[in-house]
Amino acid sequence: MWSWVAHRVTGMLIFVFLFAHVLDTALVRVSPEAYNTVISSYKNPIVGLGEAGLVAAVIFHAFNGVRVMLVDFWSQGPRYQRQMLWVVVGLWVVLFVPFLVRHLMHVFA
Amino acid sequence: MSTIEAPRTQFRRSRATRSNYELWSWVFMRGSGLLLIALVFGHLLVNLVLGEGIKQVDFAFVAGKWASPFWQTWDLMMLWLAEIHGANGVRTIINDYAEKDRTRFALKTLLLASAGLILVLGTLVIFTFDPCPTGAATADVPSFCQTR
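The listed protein sequences correspond, in order, to chains A and B. The working numbering applies: residue 1 is where the first sequence begins, and numbers increase by one. The working numbering applies: residue 1001 is where the second sequence begins, and numbers increase by one.
Just so you know, these hints were derived from the structure itself, not from any lab. This structure is a prediction, so every number in the text was calculated from the model and none was measured. Yeah, the Cβ is synthetic: ideal placement off N, Cα and C, and Gly gets one too. Be aware that one or more of the hints could be misleading.
Claimed, not checked - According to the in silico footprint, chain A covers these stretches of chain B (three or more CB under 8 Å from chain A):
1) 1003 to 1011
2) 1097 to 1106
As the list claims (entries may be wrong) - Okay, the calculated beta carbon distance ranges per label pair:
3) ARG82(A) <-> PRO1007(B): 48 to 54 Å
4) MET12(A) <-> ARG1012(B): 31 to 37 Å
5) ALA1137(B) <-> MET12(A): 36 to 42 Å
6) LEU54(A) <-> SER1025(B): 24 to 30 Å
This is chain A alone, in the form it adopts within the complex (with noise of 0.2 Å):
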């Protein structure tokens, strides 16, 4: 149950953001000055952090959603969904937690 609000909040966020990316990065269009103008005002440990936590939204939405269709279409999915849960918490650290810190130390170079 709590994967699955995490699957639609995590699902919601990434869209909004994804609207948001595509209107910025369209500025390449307008100028190469309008763009980095916009770029550069992302370079602050507040969007740095926004960044890692929009990071950290992807990788559970893959990885939950892998599980998903294991669910769908392994015969042992059903049985194996909670120790599934475990498996993208666990996978969600091992690739999180070394992302972070290369990006903090981008983000607060």
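Model the placement of chain B on the given structure of chain A, informed by the hints.
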């Protein structure tokens, strides 16, 4: 309900449809999801982890990538799959939580408009992008622009 139905008319939850729309939407969510894992993780690795991470991202960086058909194709696929996957997911959320017909219709109209805008704009940007726009400052464009 405008008319009173004949007695003992069988109850229909909704009009029978002849399409398998919901089935294909379900299949699409799984297929696109799998492809998006590779596309989005690759995107994050190249843009946020390798090199100088987020600090390297500027016009010259984007132009350097989109000068290559490889990244144009990558980003175009990512754009279409992510936008349709996301819009279809939000459609499910609207169906679940918006109870009034008019609210659902209004929200889905808004959703369709936003998805259309993002797909058209994103696709146009990828296809009409010029890495070396005339009149741009040399410092802002990729180094390969000078040899032109």
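Hints, verified against the model:
no.: 1; hint: 1003 to 1011; in the structure: violated (count 0)
no.: 2; hint: 1097 to 1106; in the structure: violated (count 0)
no.: 3; hint: ARG82(A) <-> PRO1007(B): 48 to 54 Å; in the structure: holds (50 Å)
no.: 4; hint: MET12(A) <-> ARG1012(B): 31 to 37 Å; in the structure: holds (33 Å)
no.: 5; hint: ALA1137(B) <-> MET12(A): 36 to 42 Å; in the structure: holds (39 Å)
no.: 6; hint: LEU54(A) <-> SER1025(B): 24 to 30 Å; in the structure: holds (25 Å)
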